[in-house]
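A.B. asks: From just these sequences and the hints, can you work out the full model?
From first to last, the protein sequence lines stand for chains A and B.
With positions in the first sequence counted from 1, the corresponding number in the numbering used here is that position plus 773.
With positions in the second sequence counted from 1, the corresponding number in the numbering used here is that position plus 314.
Don't take each hint at face value.
Claimed, not checked - Facing chain B, according to a computed beta carbon distance under 10 angstroms, are these residues of chain A, among others:
{"no.": "1", "residue": "Arg814"}
{"no.": "2", "residue": "Gln816"}
{"no.": "3", "residue": "Ser817"}
{"no.": "4", "residue": "Phe823"}
{"no.": "5", "residue": "Ile832"}
No wet-lab data here; the hints were simulated from the structure.
This structure is a prediction, so every number in the text was calculated from the model and none was measured.
A virtual CB, placed ideally from N, CA and C, is assigned to each residue, including glycine.
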Amino acid sequence: MTGSANMIGYGLAAVGPGIGIGLIFAAYINGVARQPEAQGRLQSIAILGFALAEALAIIGIALAFVL
Amino acid sequence: MSFAGSVVSLSGSEGGFVAPGPDSFNLPPVFTVAGVGITKPMLELFLAAILVFWFFWAASRKRAMVPGKLQFAGEAIYSGVRNSLGRDLIGSKDFMPFVPYLVTLFFFILVSNWFGSIPFIQFPTFSRVSMAYALAGLSWVIYNAVGIRRHGFLGYLRLQTVPGGVKGPILALLIPLEFMSNLVIRPITLSLRLFANMFAGHILALLFATGGEYLLLHADTAIKPVGILAWVMAIAIAFLELLVQFLQAYVFTLLNAMYISGALAEEH
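C.D. replies: In structure tokens:
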């Protein structure tokens, strides 16, 4: 079996952003469930948080291929 | 024109399966003009620009009081970007000059990304990192330029690097951090986010498609049915990708609007 250990490393590194994104959307769903009229405001904040957490996974995948 | 699938080496039974990798994205030039090879993503840039221009030109050609179907569609998606990305984020005072940029950016990226899923094109333009660098560079120039025009060079530098309400020696730590994060890292993450999403989505589709082909045609009889499963997954991934492609266009435009509004803000 051959392959690059980078990919195992990337899989491990993706755990962090995965948990982070889960927490962000959990909070978003909670917020909307409690106060449905706030959805419009919460949505852009949630997607911004998602994008920032995702950036970590993105840096990871870039480095996995580069290193 | 060469399709993505034909570039990936479909290995024979003796060679074993060769997984698609970053090399699968180095397409050969479609044709050569004066020594410069014109590749498929370059042609797609033009196609995307023409499609977006054509759509909005056709939608706004007959500006009727009672809109037709096309005009209604054009107005609906235009006002969606204008209100949810422009007005809500930049603020109702300043947002109008940036609406053309944001709308164009959103639809250009959306069409370019959807090229990754449209049959017979099937190559997302922004899975080549240089394309994403160019867009992020444009947005870096724009948000810095509007900030410098509003606050002056030193005022803008102060706005971006000195967080409000912080005093004393902690500033020595925060100013380099804020400088790096707001003026250096931002365009890099902006471009890498778009690039890596398109890259990862396309490589996933390639993996399931070529892997399914290998399992069906070249593998042992016992595991041939797994190839069908791989192709079912390839179709499911394609639908997931449609969502991701839309979301990335939205996020790119959202972050552009956020950066512009941050550059225009009076104080943190």
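A.B. asks: Hint by hint, say whether it matches the structure.
C.D. replies: Here is how each hint holds up against the structure:
1. Nearest Cβ of chain B to the Cβ of arginine 814 (chain A): about 8 angstroms, under the 10 angstroms cut. The hint holds.
2. The restraint placing glutamine 816 (chain A) at the interface with chain B holds, with a minimum CB-CB distance near 8 angstroms, inside the 10 angstroms limit.
3. Given the 10 angstroms rule on beta carbons, the hint for serine 817 (chain A) holds: about 6 angstroms separates it from the nearest Cβ of chain B.
4. Given hint, phenylalanine 823 (chain A) at the interface with chain B, holds; its Cβ is 8 angstroms from that chain's nearest Cβ, closer than 10 angstroms.
5. The interface hint given for isoleucine 832 (chain A) holds, since its Cβ lies 7 angstroms from the closest Cβ of chain B, which is under the 10 angstroms cut-off.
Violation of the numbered hints given earlier is absent; every hint is satisfied by the structure.
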